[in-house]
Every structure is written in structure tokens, then in C-alpha cells.
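Engineer: Keeping their order, the protein sequence lines are chains G and A. Each step along the first sequence adds one to the number in the numbering used here, with nothing skipped, and position 301 is 347. Each step along the second sequence adds one to the number in the numbering used here, with nothing skipped, and position 269 is 315.
Treat the hints as calculated values from the structure; they're not laboratory data. Incorrect hints may appear among the rest.
No distinction is drawn between identical chains; accordingly, a pair holds when it is met within one copy or between any pair of copies.
[As the list claims (entries may be wrong)] The calculated lysine-lysine pairs, modelled on DSSO-like cross-linking and capped at a C-alpha distance of 27 Å, are:
no.	residue 1	residue 2
1	Lys142	Lys255
2	Lys510	Lys50
3	Lys510	Lys206
4	Lys510	Lys379
5	Lys549	Lys238
6	Lys129	Lys206
7	Lys255	Lys129
8	Lys525	Lys104
9	Lys178	Lys129
10	Lys443	Lys379
11	Lys571	Lys129
12	Lys439	Lys279
13	Lys201	Lys255
14	Lys255	Lys178
15	Lys549	Lys276
16	Lys549	Lys405
17	Lys129	Lys549
18	Lys178	Lys154
19	Lys142	Lys201
20	Lys443	Lys512
Protein chains: 2
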Amino acid sequence: MGLKVVIVGAVAAGPKAACRLSRLLGDAEITMVDQDSLISYGGCGIPYFVSGDVADEKELRSTSFHMERNADYFQRAKGINVKTRTRALSINRKEKYVEVVNLDTQEKENLPYDRLMLAMGSEPFVLPIPGKDAEGVYTISDLHKGIEIKDLLAKGKIGKAVVIGGGAIGVEMAESFSDLWGVETSLIEFQKQLFPGIMDEVNSRIVEKSFRDHNVDVYLGEGAQEIIVKDGKAVGVRTANRTLEADIVVMAAGVRPRAQLALDAGLQVGPRGGITVNERMQTSDPNIFAAGDCVELNNLMTGKHMVLAMGSIANRSGRVAADNIAGIPSRFKGVVGSFVVKAFDVCAGAVGLSPFMAKMEGYDVGVAWFMASDRAHFYPERGALALSLVFDKKTRKVLGMQGAGPATDSLLARINAMATVLAAGDVSVDDVGNAELAYAPPFSSAIDPMNVAGYLAGNACDGKLKTVDFSDFLAWMEKPELHPDWQLVDVRSPNEVEPYTEKFGDRWPCLPYDYLRARYQELPKDKCLVIICSAGSRAFEVQVILAQLGYTNTLMVPGGVSLLERMGFDYLS
Amino acid sequence: MGLKVVIVGAVAAGPKAACRLSRLLGDAEITMVDQDSLISYGGCGIPYFVSGDVADEKELRSTSFHMERNADYFQRAKGINVKTRTRALSINRKEKYVEVVNLDTQEKENLPYDRLMLAMGSEPFVLPIPGKDAEGVYTISDLHKGIEIKDLLAKGKIGKAVVIGGGAIGVEMAESFSDLWGVETSLIEFQKQLFPGIMDEVNSRIVEKSFRDHNVDVYLGEGAQEIIVKDGKAVGVRTANRTLEADIVVMAAGVRPRAQLALDAGLQVGPRGGITVNERMQTSDPNIFAAGDCVELNNLMTGKHMVLAMGSIANRSGRVAADNIAGIPSRFKGVVGSFVVKAFDVCAGAVGLSPFMAKMEGYDVGVAWFMASDRAHFYPERGALALSLVFDKKTRKVLGMQGAGPATDSLLARINAMATVLAAGDVSVDDVGNAELAYAPPFSSAIDPMNVAGYLAGNACDGKLKTVDFSDFLAWMEKPELHPDWQLVDVRSPNEVEPYTEKFGDRWPCLPYDYLRARYQELPKDKCLVIICSAGSRAFEVQVILAQLGYTNTLMVPGGVSLLERMGFDYLS
């Protein structure tokens with residue numbers, strides 16, 4: 047007689063654990079329940095199904111070899127008993143059974159277990175604002191919602207869409223409305239940037255610009271205060287500053303772990319609302335395991351608990367839970383928060399701490415921003431990659447990295463490289479400078495962009511690199527009187543600088559980088575020299591040489607004119 | 047009075063060190079000499095200049111902001127004195143000067159130094175065969191050779207080319223002749239596979255197939271025995287098996303460190319012929335540093351010395367040398383051998399030890415091979431990524447990874463992820479299974495291919511995954527009588543298997559994966575069952591289930607039919 051295992055939840059962590067268990071313990075009796083009729087699907091694929099990239103929702107719930115992963119499949123191929131449309135009502139930990147109800151027949155039954163696994167996932171946070179329950183207001187809580195939205199799109203019923211929330215799901219949904227379907231789309235984010243908390247401001251602005259370039263309106267620092275309803279149907283969204291018309295409103299304001307079942311059963315639940323588990327994915331009841339979006343994970347960068355709803359983590363943590371249920375002492379040590387997202391023709395990614403999070407943790411935060419070609423600068427098909435390396439200035443410890451680049455895998459290649467090594471232990475900015483990323487001209491430059499980020503961070507720690515805050519720079523360009531003691535120096539070639547000097551006169555003079563040693567006396571000694579070039583390398587070098595020549599009151603503009611343009615600031619337009 | 051620094055060699059490590067030094071020590075007197083007239087160029091870009099991807103050789107020796115890096119530029123912009131066409135003849139360590147000669151005027155002079163840096167690079171190995179010195183026989187020793195070859199191509203003087211050597215340079219040169227110029231190209235490699243030593247056989251075969259698909263003839267296991275010469279000009283290459291006509295012969299049979307100058311000066315030189323340095327890039331003379339192709343590096347995977355000629359490593363090690371010359375205790379700890387190369391529409395890459403190298407080191411070597419989609423299987427624009435994870439079966443320690451994929455950055459994203467973490471310390475197959483690579487459907491699958499590689503390796507260590515050797519499988523398909531006790535079982539869907547059964551009859555039967563539990567009794571118990579599917583996941587699962595059912599004499603075909611096809615074995619053709 048094999049081990050009786052009940053699994054609650056059949057989307058990602060649940061099915062992964064069930065399949066692994068059936069391979070580990072051939073005689074286990076595995077029962078998996080889910081309140082939904084559709085199971086074992088790639089929830090992260092919903093925006094791509096809505097966008098039309100994925101033609102049929104069945105593809106999201108099929109194996110890579112095109113077999114539909116329904117209850118029948120699990121039974122036939124895996125020997126796993128699946129009960130769909132079946133909700134878990136309560137856990138009797140003493141007698142070890144789960145009370146479930148069939149949502150169609152209302153029949154209840156008790157499922158006995160030797161080991162229980164909780165994989166209920168997360169649910170979207172619904173903003174408590176008027177109109178939230180109106181027809182046409184959606185959260186991306188499950189595949190059904192995706193199917194409904196796509197149906198509306200296909201029938202031409204959506205001319206205008208408002209997406210609330212500038213995180214990954216909001217960004218992906220906004221793209222999916224706009225790109226193929228041509229819906230007039232607005233994206234609202236309560237914080238002052240996209241991907242608040244996760245990304246630095248610079249890289250989030252690159253994504254923002256890509257939305258504006260593709261005619262998606264982005265409103266930052268504006269919360270949705272009310273959904274305007276007419277005849278029971280959402281027709282718009284009101285913020286403090288404006289009212290936006292809408293045929294559909296998508297709320298993508300984050301998710302919350304589904305932990306009520308655990309809480310009711312007296313299991314320990316953490317401050318973030320997720321089920322508390324140890325590295326074996328075991329809850330406070332040794333016979334009950336949990337994995338996926340419903341648990342709190344150890345943030346390897348802070349040592350604190352966090353919730354992180356990702357299909358990838360759900361799968362991996364689910365597998366670890368299965369191992370431990372089967373007696374294999376696998377460990378899930380925690381997460382560093384690897385993240386990547388596509389938005390039209392750009393992608394953005396992050397790992398570890400953003401500057402904001404790093405400050406919250408009390409670090410003496412430095413950020414090395416810059417922009418470089420993602421392949422050898424002489425190789426024809428290259429893209430511009432912006433990277434921000436976040437570090438502690440005191441200890442040179444790397445805290446995180448964010449980036450934005452073309453919608454290829456070039457950013458992924460750097461985020462992944464940082465993710466594995468951050469998870470393995472302390473990394474210094476010098477380690478990043480020496481990281482041995484693979485090199486050939488079609489794939490990188492001899493000094494990889496990530497190495498450059500490490501070099502810059504090291505130079506910043508050594509006091510050699512002093513960068514201007516973007517907000518200061520932007521404010522000064524707007525109102526020069528704010529910093530009357532500043533003077534811009536553009537060290538690009540005269541032909542590059544000419545149009546700027548033409549437009550800005552004395553405010554934007556040129557002193558070509560390669561003539562600095564001959565002409566540096568032209569520079570004023572009583573001003574803070576703000577040095578700019580096309581991508582940052584010349585400006586940095588000029589800063590160093592000027593310091594050697596006694597000009598120490600300098601700041602350079604990281605990423606230069608190119609990065610400013612990528613962020614949407616084209617001073618010639 | 048600043049530090050006097052002399053640098054010998056001005057291609058990669060030398061200029062990088064010179065520039066870093068001029069930033070660190072504003073008053074240093076830096077003199078860089080090179081025997082060539084062209085300096086500071088991207089040597090790795092030569093095949094892309096020859097191919098036509100890069101239009102002008104000047105691009106290879108320009109900055110990213112299009113400024114030519116000649117002697118004048120170094121003087122003007124960096125304050126570095128460069129003497130081109132100047133060969134270093136000897137080092138007087140006692141009196142601390144380098145004797146140099148101007149190759150144009152034959153004038154000699156002594157350059158005094160406080161610190162000397164050696165960055166002479168490497169030189170191609172010239173096979174000691176008849177005809178090696180004939181006109182039309184090239185090595186890719188410097189940019190001049192690239193310019194000469196491209197000139198011949200542009201003038202239509204090359205109809206047929208033979209490239210000797212199946213390493214990175216040989217592969218890139220063969221592609222560059224064939225792709226745009228349409229030259230009839232043959233690639234000869236003495237060993238039985240491309241990238242011998244560095245890559246596993248499976249992935250090298252994927253590259254090989256891409257060459258054959260693009261009409262490049264590949265001859266493996268055939269050494270060039272003679273270059274056939276007519277009127278002083280190379281007209282062909284003779285191997286043991288054939289004679290190939292050629293208008294040009296490129297020898298790309300590896301490189302050797304240029305260490306004679308160091309050897310003559312009594313500096314320590316290692317068994318691989320490279321200058322011995324410590325982690326500070328300091329030679330056995332504390333005033334003399336060395337970096338780039340001419341030194342031996344610490345192989346972090348073996349603890350042994352190796353030579354590794356890469357522009358990326360030259361730059362990074364050159365910077366570390368400069369730091370130490372300036373009194374900053376930077377360290378270059380060693381290398382894991384990250385490697386990536388493009389060949390037409392595929393790319394191949396490696397890091398750490400290949401199966402061959404791992405066996406040489408005495409490990410109990412396991413290899414987890416497989417093939418997967420490089421993005422979510424439902425995402426439209428995806429490619430097939432083959433990965434081979436090399437590990438020690440006893441300790442579960444990861445020794446290396448090789449792969450082949452589309453000519454995008456998807457393989458790079460996995461090679462880099464492995465490179466940084468391997469360099470940081472011991473990695474287990476379980477760590478790879480849990481590696482937190484960034485996930486979104488346009489960039490990966492929820493379980494990243496690298497995670498799968500880790501899972502498979504773990505299963506192999508646990509004795510759950512038993513794979514057939516490709517050579518055994520190929521031999522058996524060729525001559526079934528070799529393994530009369532074998533029986534193939536294809537567990538794909540009947541419609542997938544039908545054409546195979548039609549062609550091979552009883553030898554290629556179908557037992558659909560999802561009906562295994564119902565029909566397993568059909569399988570013979572007295573044979574070794576060789577289980578195959580499309581990419582390996584079903585075959586593995588069947589192997590596990592069969593073991594639970596008492597069928598333990600099984601092998602599965604890793605990567606399945608897809609991987610066999612990618613290697614050039616299409617059993618339906």
C-alpha cells in the first residue's frame with residue numbers, strides 16, 4: 047500500500063509535484079484537486095494568448111509534444127487521480143484528511159492523506175475602488191479570463207483599454223491589447239515609474255518610451271480612483287488628473303498568496319500572507335508541504351521572507367516538495383528575484399535588489415549605469431543594452447542588476463549570469479568585472495557589457511567615477527538656474543556636438559575628448575563640470591584626466607546622450 | 047617623475063593595460079611597442095571582416111565611437127607613447143631596459159622601465175607539412191592576413207578554399223568563405239569531431255550538420271599531409287583519403303603563446319609554453335607583468351595551467367596587470383573556458399570540461415544530453431537548444447556544459463549562467479536544477495532548459511536515468527545484429543511513429559507513452575528496451591515507469607528523434 051498524497055491546486059507547482067512523485071514512488075496514491083475546470087496551464091502565457099501570438103488556449107495547457115494536460119491525461123499517462131471543479135474546504139490535520147466539495151454537484155467528500163501538498167497559487171489583488179465589480183473589469187486570475195478577453199477582442203468589442211498596474215502582467219497585457227489588435231491602450235501606475243520597486247528608474251523609462259513609441263499612453267504617479275460604470279458596464283477609469291474612456295479595464299495591481307486554507311488549519315502563515323515553509327517546502331505541520339505562489343520564500347539578498355509569483359519558481363519549488371514527500375532531502379534555498387519581460391521591441395530584466403530596495407535594506411547604495419552595444423561594436427546586427435549595477439559602496443558587494451535592451455536574449459544572457467552567481471554567495475563588483483562571459487563578435491564585445499558594469503562600479507567605489515543623478519540632470523536642463531554653478535561639457539567630436547551647440551549655445555559647448563590634454567585650460571575652474579558623451583566611456587575618461595589635472599569638481603552623465611535618448615529625452619527634438 | 051612603464055605588444059592586453067594605467071597614474075610615462083603597423087584591433091573580428099559582415103578593416107581598430115586607434119590617437123587622447131613597427135629584441139632585467147629595433151630603419155634603442163608588461167600574444171601553429179610556405183597558404187596571425195584574403199575574395203580569385211582545423215577560427219573562417227562569397231569550402235579536422243577536446247560529440251555534430259547543410263564539406267579524422275604546390279602556389283591539400291583542390295589554404299590548427307622574449311630573459315615559462323604569472327599577472331620577475339595570449343592561466347576546473355587565446359581574457363587580464371603595476375591588488379583568479387561560436391544558422395558554446403577532458407581528469411563522468419525549446423513551447427518564435435551537462439556521477443559535481451542552438455543569444459544565456467557560477471565555486475547538479483534563470487514566455491520555458499539539464503543529471507546520478515551511448519545507437523541502427531538483444535520502443539503518438547514503422551517494420555514499433563500503463567505487457571522482458579520519443583521527456587518517464595513495473599533493462603535515447611535529426615541522422619530520409 048503506497049503513500050496517500052493529496053495535492054490542492056493543479057496549475058503549476060501541483061502538477062509538477064504530482065508528476066515527480068509518481069516517478070519517485072510508483073505505488074503512491076496521488077490525488078490532485080482544483081476548483082477550476084482547466085488545469086496545468088502556463089498562466090504566464092495568458093498575455094500571449096490574448097495578443098494572438100498563441101492561437102489556441104489549448105496550447106497553454108498542452109505538453110511540449112502537444113498532448114492536452116487534462117484530468118484524463120494525468121490519469122492515463124501518470125496514474126494521477128485529478129478532481130477538477132473541486133474546492134478544498136478545510137484540512138483536518140489530526141485525522142489527516144481534506145474536506146472537498148464538487149462545485150457542480152455540491153457533493154462533499156473527505157480525502158485522506160499521509161502527506162498533503164498545498165499549491166493554491168495566488169489571486170490578483172482587486173483595488174477597493176468604486177466600480178470594481180462592474181462588467182468589463184478583469185483581473186488575470188485564470189485562463190478563463192484570458193479566453194473571455196480574447197473573445198471580446200476577436201469580436202471587435204474592445205476599442206479602448208485601460209490597464210491598471212505597471213508590473214509585468216500590466217505591461218504584458220498593455221502590449222497584448224495594442225500590438226496586434228490596435229486597441230487604444232492606456233497604462234496607469236500609481237508609483238512614479240513602471241516596475242516600481244523591482245527596476246531602477248532608468249531602465250523602467252526605456253520600457254516606458256517603448257510604450258509611448260507604440261502609441262500606448264502611460265500615466266505614472268496616478269492611481270485609479272474610480273471605475274466609471276454605465277448600465278452596469280465599465281466605461282472608463284478616473285484618476286486624480288484625468289478620466290480615461292475604456293471598453294475594458296484590466297486590474298494588474300499585484301497578487302496575493304492564497305493561504306486561507308492553511309490559515310484556517312492553523313498552519314503558520316508569514317507577514318506577507320504566504321504559507322511559511324522551510325527549505326524542504328515543509329509547512330509548520332511536518333506532513334503538509336506547500337509550494338508555488340502560495341508560500342513565502344527566502345530572499346537570498348535580504349535574508350527576509352518575500353512572495354514571488356512566478357511559474358518558474360512554482361515548478362522548481364513544487365519539485366523540491368515532491369522530493370521531500372518521497373524522502374529525498376532536496377532543498378529550495380531561496381530566490382534572488384530573476385525577472386525578464388518583453389514590451390514591444392525592448393525587453394527589461396532585473397535580478398537582486400533595485401536601488402530602492404537596496405536603500406530600504408540600509409546599504410550605502412551606488413549604481414553604475416551605462417549603455418553599450420550587445421555585440422562587438424563592429425558586428426552588424428547589434429542592439430543597445432542598458433545595464434544598472436547596484437552595489438554597496440562601502441563593501442563593494444553587488445546587490446543587484448537591472449537592464450533594458452532589444453527584445454532578444456542579450457539582456458537575458460547577463461541577467462542569468464548574475465542570477466546564478468548571486469544565488470551562490472557574495473559577489474563583489476570586481477568579480478563582475480572579471481566575470482568570464484562567453485565571447486565571440488556575434489554574441490558580445492571583448493569586454494562584455496556586464497564586465498564594464500563591474501569596472502564602473504569599482505571605479506565608483508574608488509571615487510574615480512562620479513555620476514550625475516538623472517533627476518538632477520533633467521531638472522537642470524529644464525531650469526538651468528537651479529544649478530547656476532553647473533557647466534555642461536560635451537566631449538564628443540565637433541560634428542556630433544554641433545547641432546546641440548546650435549540649439550543650446552554656450553550651455554552645450556564642445557571640447558573633443560581626444561584634444562582634452564591640449565585644451566583643458568579652456569574649462570572654467572569655478573563650476574561643476576557635467577561631462578557628457580555618446581555612451582559614457584569618453585566622459586568617464588575625461589573625468590579621470592581632469593582629476594589628474596586638478597579639476598575635481600566634475601560629474602559625468604552615465605550612458606550619455608544615447609541613454610538619455612533611450613529614456614525618451616532627445617534634446618534635439 | 048612618474049613610473050616608467052614599457053609594454054610589449056599593442057593588440058588587446060597591451061592597449062587595455064596602457065589605457066587603464068594612464069587613468070590610474072596620470073604621471074606615468076607609458077611606452078607601448080609593437081612589431082606591427084596596425085595596432086589595437088579586434089582580432090576576433092577578422093573572420094567577420096573577411097566574410098563581408100564588417101565592411102572596412104578600420105572598424106576592427108576603431109573605438110565604439112568610430113575613432114581610429116592608431117599611435118596618434120593613443121598619444122593625443124591617452125598620453126601614451128606608441129612605437130609601431132618596433133620589435134622587442136631582449137630584456138635586460140638587471141638594468142631594467144628593453145632593447146627594441148625599428149623594423150623600417152633598423153635603428154635600435156633601449157627603453158628603460160620601472161615596470162615592464164609583456165603582451166606579445168600568440169602565433170598560429172604552422173603544420174610542419176610539405177608546401178606550408180607556398181603562396182596562398184595563410185594563417186590568421188594578424189589583420190594584414192585578413193586584409194590580403196579579403197582582397198583575393200573581392201577580386202574573385204578564390205573559387206575553392208580548404209580550411210585546416212575544426213576549432214573556432216577554422217569554423218569561423220570556413221563560414222566566412224562560404225556564406226556570402228559562395229566559395230566552395232572544405233573543412234578538415236584531424237580529430238574525429240569539430241571543436242575536439244572542447245565540445246562533446248553531440249553538439250559538435252550539430253555544427254557539422256549546419257556546415258553540410260550549407261554546402262561546406264567537412265572531413266573529420268583526416269589530417270592534412272601535404273599542401274600541393276604548383277609554380278610556388280598552393281593548389282590543393284592532400285589527406286590520407288583524398289586530395290582537395292584549393293585556391294587558398296587556411297591553417298587554423300591552434301595557436302602558441304609568444305613567450306620567446308620572456309624565455310630568453312630567464313623568466314619562468316610553463317609546460318604549455320606560456321609565461322608563468324601569479325594572480326596579479328606578475329611574472330617570476332616582480333617588476334615584469336604579463337597578460338593576454340602569451341601567459342598560462344589557472345584552469346579553475348582542473349587547478350592546472352592552460353593557455354587560452356581569447357580577446358576577452360586578454361582585455362580583462364591586461365586590466366588586472368595594470369592595476370597591480372599601479373599598486374592596486376586586483377586578482378585574476380583563472381578561467382573556466384567560456385566559449386561561444388556562430389556557424390551559419392547555429393551557434394555552439396561550452397564552459398568548463400567536455401566529457402573528454404573530464405575523463406582525462408579522472409572523474410566518473412556522466413553526461414546529461416537533451417534538447418528543448420529555448421522559449422515557452424507555446425511561444426511562436428522559438429528555437430531548439432541542445433545542452434550537454436557534464437558531471438561527476440560520484441559527487442554530483444558539475445564539471446562543464448556544452449550546447450548548440452539557433453544563432454541567437456539563447457545558448458549564451460545558459461553558458462554565461464553556468465560560467466559565472468562555476469567560477470565562483472563548486473556547483474552540484476541539484477544547484478543547476480534549481481538555478482533561478484529569468485523567465486517569461488518570450489525568453490524561456492517555466493522550467494528552463496538548464497534546469498532540465500540539472501534534473502536529468504540528478505536522475506542519472508540517482509540511477510533513474512539510463513541513456514544509450516549515441517555511438518552504440520548509431521551502430522545498432524546500422525547493424526542490428528551487433529545488439530541482437532536490443533529492441534527499440536518508440537513512445538510517441540502513433541501518427542508520429544507510423545512512417546518509421548512503415549520503413550523499419552518490427553524494428554521500430556510504437557507503444558504510445560500515455561498508454562504505457564495499460565499496455566506495457568506487450569513489451570518483451572528478455573531484451574534491452576531502447577526507448578525513444580521526440581525530445582527525451584516521454585522516453586525518460588517511460589523508463590522510470592517501466593522500472594517500477596519490473597522492466598529494469600532499459601536505455602533511453604537522450605534528445606530523441608529531434609536531437610538525432612539535428613545531428614544529421616534522419617532515419618526517414
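Engineer: Hint by hint, note whether the structure agrees.
Structural biologist: Now the hints, each set against the structure:
1. Lys142 - Lys255: neither (54 Å within a copy, 57 Å between copies)
2. Lys510 - Lys50: Between copies only: 22 Å across chains, 63 Å inside a chain, cut-off 27 Å.
3. Lys510 - Lys206: neither (50 Å within a copy, 54 Å between copies)
4. Lys510 - Lys379: Between copies only: 24 Å across, 37 Å inside.
5. Lys549 - Lys238: neither (30 Å within a copy, 64 Å between copies)
6. Lys129 - Lys206: neither (39 Å within a copy, 67 Å between copies)
7. Lys255 - Lys129: Neither way: Lys255 and Lys129 sit 46 Å apart in one copy and 47 Å across, limit 27 Å.
8. Lys525 - Lys104: neither (56 Å within a copy, 42 Å between copies)
9. Lys178 - Lys129: Result: close neither inside a copy nor across copies, 31 Å intra and 74 Å inter.
10. Lys443 - Lys379: both (20 Å within a copy, 18 Å between copies)
11. Lys571 - Lys129: neither (77 Å within a copy, 35 Å between copies)
12. Lys439 - Lys279: neither (53 Å within a copy, 62 Å between copies)
13. Lys201 - Lys255: neither (30 Å within a copy, 47 Å between copies)
14. Lys255 - Lys178: Neither, since 29 Å and 58 Å both go past 27 Å.
15. Lys549 - Lys276: Neither, since 50 Å and 66 Å both go past 27 Å.
16. Lys549 - Lys405: Neither. Shortest intra-copy (38 Å) and inter-copy (67 Å) distances fail the 27 Å Cα cut-off.
17. Lys129 - Lys549: The answer is neither: 70 Å in one copy and 42 Å across copies each exceed 27 Å.
18. Lys178 - Lys154: Classified as neither: same-chain Cα gap 32 Å, cross-chain 86 Å, threshold 27 Å.
19. Lys142 - Lys201: neither (49 Å within a copy, 83 Å between copies)
20. Lys443 - Lys512: Close inside one copy (18 Å), not across copies (43 Å); limit 27 Å.
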